[in-house]
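Number of protein chains: 4
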Amino acid sequence: MSPILSVEEVNQFVDKVFPAMRVSCLEITETHALAELIVDQDALRPGGFISGPDQFRLADAVLWFLTFGAIGRVEEMSVTTELSIRFLRPAIGQRLYARADLEVKNRRSVVGSVYLWCDDTPRRRVSTGQGTYALPLTK
Amino acid sequence: MSPILSVEEVNQFVDKVFPAMRVSCLEITETHALAELIVDQDALRPGGFISGPDQFRLADAVLWFLTFGAIGRVEEMSVTTELSIRFLRPAIGQRLYARADLEVKNRRSVVGSVYLWCDDTPRRRVSTGQGTYALPLTK
Amino acid sequence: MSPILSVEEVNQFVDKVFPAMRVSCLEITETHALAELIVDQDALRPGGFISGPDQFRLADAVLWFLTFGAIGRVEEMSVTTELSIRFLRPAIGQRLYARADLEVKNRRSVVGSVYLWCDDTPRRRVSTGQGTYALPLTK
Amino acid sequence: MSPILSVEEVNQFVDKVFPAMRVSCLEITETHALAELIVDQDALRPGGFISGPDQFRLADAVLWFLTFGAIGRVEEMSVTTELSIRFLRPAIGQRLYARADLEVKNRRSVVGSVYLWCDDTPRRRVSTGQGTYALPLTK
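These protein sequence lines are chains S, C, E and Z, in that order.
Each residue of the first sequence is one higher than the one before, counting from 1 in the numbering used here.
Each residue of the second sequence is one higher than the one before, counting from 1 in the numbering used here.
Each residue of the third sequence is one higher than the one before, counting from 1 in the numbering used here.
Each residue of the fourth sequence is one higher than the one before, counting from 1 in the numbering used here.
Hint data in this document are derived by calculation from the structure and do not stem from the laboratory.
You may find that some hints are simply not true.
Pairs count within a copy or across copies, as identical chains cannot be separated in the list.
25 Å max Cα-Cα, derived SDA-like pairs, lysine to any residue [as the list claims (entries may be wrong)]:
1) Lys16 x Ile38
2) Lys16 x Pro90
3) Lys16 x Arg89
4) Lys16 x Glu75
5) Lys16 x Phe49
6) Lys16 x Val39
7) Lys16 x Ser78
8) Lys16 x Arg99
9) Lys16 x Asp40
10) Lys16 x Ile92
11) Lys16 x Gly93
My request is simple: use the sequences and hints to build the entire structure.
Laid out in structure tokens, this is it:
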């Protein structure tokens with residue numbers, strides 16, 4: 001069983017290595033992660049909704065956090081190998097959240113599913129995706 | 001045959017409706033588009049490379065431009081329905097480019113393939129993807 | 001609210017229009033479907049597991065059934081527009097099942113997520129995917 | 001540089017380990033593969049076109065052959081980790097072909113793009129996709 005990683009460790013790590021990500025980790029376990037985008041009001045798309053690329057940024061981040069939870073440590077060298085995202089509804093709201101759930105972890109990689117929603121309507125998903133993070137190969 | 005759209009029309013449109021995208025259109029025809037990311041040095045990922053989400057932003061933008069070219073007009077209401085991206089190599093460079101090619105255009109949507117590279121090495125792709133833009137339904 | 005469709009209606013429809021699919025519907029509601037592949041022992045891949053394409057066939061079928069449930073009728077003219085699948089573990093077993101859950105239904109399409117497992121181990125997913133079915137446009 | 005693999009070696013290997021695949025390799029180099037589905041007239045979908053799952057089967061096979069070409073040998077233990085496919089047009093025809101092109105090969109995996117067409121109309125693509133094959137890890 002992997003050691004337990006805390007939300008604080010994840011956020012401190014992100015602040016240090018990649019502050020421009022602008023995503024906060026809210027929950028982390030071995031099998032899920034929850035995160036929130038720090039919404040930049042200037043980056044809203046036509047119509048006032050949160051852009052697809054900003055949604056992708058959050059989806060990618062929460063899958064990174066999921067990877068940390070699954071392997072029990074923050075790991076700068078885990079990188080996205082592929083991610084597919086489907087946009088379901090306009091993302092209109094003050095806050096954007098994402099939850100990632102573990103599909104599988106093996107020696108090479110972590111696969112997870114993710115969904116995003118605005119404000120307090122988690123059942124009204126705005127996008128959903130799946131992706132793979134590669135783990136550094138151990139010798 | 002669709003009317004021809006110019007690079008200037010596309011860039012003026014983007015400046016007006018979505019300046020935060022920070023992507024320039026370089027070429028546009030009915031079957032392809034070429035674009036460049038305005039790289040934000042603060043947004044580089046650990047290791048100094050251009051982040052996955054920034055690559056996604058460019059991929060999404062160039063597919064949007066491809067859609068404009070395919071339908072012969074700028075169209076704010078064409079939106080991404082899905083996009084999958086695969087990261088092939090670290091994206092290290094001063095400039096990031098993307099080229100999108102048309103797979104199909106029908107009444108409902110435009111499907112395109114896209115690949116990205118740094119600087120003057122188009123054969124050394126850093127990522128590749130495919131995606132779908134929905135068109136507004138005409139009555 | 002859509003009329004309720006029965007498992008029998010779905011299976012009779014499949015028998016009539018596409019018997020070569022060799023997939024049985026086991027459950028159907030407006031928001032989910034459950035199905036089983038009729039495993040062809042001759043089509044097993046090297047190592048004795050169920051091949052990726054056979055898994056895709058089941059994933060595609062259960063998403064088709066989900067579409068029927070979501071729109072409340074069998075519909076020959078609903079077609080897959082895109083599907084991505086991730087293979088998580090070798091699929092070794094006598095029976096292969098898949099469950100699809102609705103992500104969104106709108107005028108144009110149905111988006112769903114799907115996962116597959118062998119025998120009586122639904123928590124041990126062998127593959128997972130997401131896809132889109134286009135609906136016939138009503139005039 | 002990898003040793004060159006012949007079409008005959010690939011087809012003999014497939015006949016031996018996975019005859020139910022029913023796909024023939026037509027061309028293979030280090031960076032591309034061409035293949036043809038042996039179309040089963042009984043497996044046609046409603047409307048008389050080649051089904052999505054049969055198209056997936058060919059796409060998956062040609063990516064497998066591409067992997068063999070890229071690594072310079074047939075390799076039973078290379079397996080698909082993920083594949084996304086987009087269906088562009090009805091696949092109506094007597095013969096179905098697919099071409100896969102190499103996106104990247106590294107220690108862990110091969111990523112390729114693929115497109116499919118019927119009969120002698122390669123520019124009229126019926127589907128397109130991208131996918132990843134994992135390579136066995138060398139010690």
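Within, between, both or neither, where Lys16 and Val39 count as close if Cα-Cα is 25 Å or less: both (20 Å within a copy, 20 Å between copies)
Up to 25 Å CA-CA - Arg99 versus Lys16, copy category: Answer is within: at 23 Å inside a copy they meet the 25 Å cutoff, but 33 Å across does not.
Within, between, both or neither, where Lys16 and Phe49 count as close if Cα-Cα is 25 Å or less: For Lys16 and Phe49, the Cα distance is within 25 Å only across copies (16 Å; inside one copy 29 Å).
Within, between, both or neither, where Lys16 and Asp40 count as close if Cα-Cα is 25 Å or less: both (20 Å within a copy, 18 Å between copies)
Same-copy or cross-copy closeness of Lys16 to Gly93 [CA-CA at most 25 Å]: So Lys16 and Gly93 pass the 25 Å test across copies only (22 Å; inside, 28 Å).
Intra- versus inter-copy proximity for Glu75 and Lys16 (alpha-carbon distance at most 25 Å): Answer is within: at 13 Å inside a copy they meet the 25 Å cutoff, but 40 Å across does not.
Alpha-carbon proximity context of Lys16 and Ile38, limit 25 Å: Result: close both inside a copy and across copies, 17 Å intra and 24 Å inter.
Alpha-carbon proximity between Lys16 and Pro90, which holds within one copy, between copies, both or neither at 25 Å: The answer is between: 20 Å across copies meets 25 Å, while 32 Å in one copy does not.
Alpha-carbon proximity between Lys16 and Ile92, which holds within one copy, between copies, both or neither at 25 Å: between (30 Å within a copy, 20 Å between copies)
Within, between, both or neither: Lys16, Arg89 at alpha-carbon 25 Å: between (34 Å within a copy, 23 Å between copies)
Within, between, both or neither, where Lys16 and Ser78 count as close if Cα-Cα is 25 Å or less: within (16 Å within a copy, 38 Å between copies)
Checked against the numbered hints given earlier, this structure breaks none of them.
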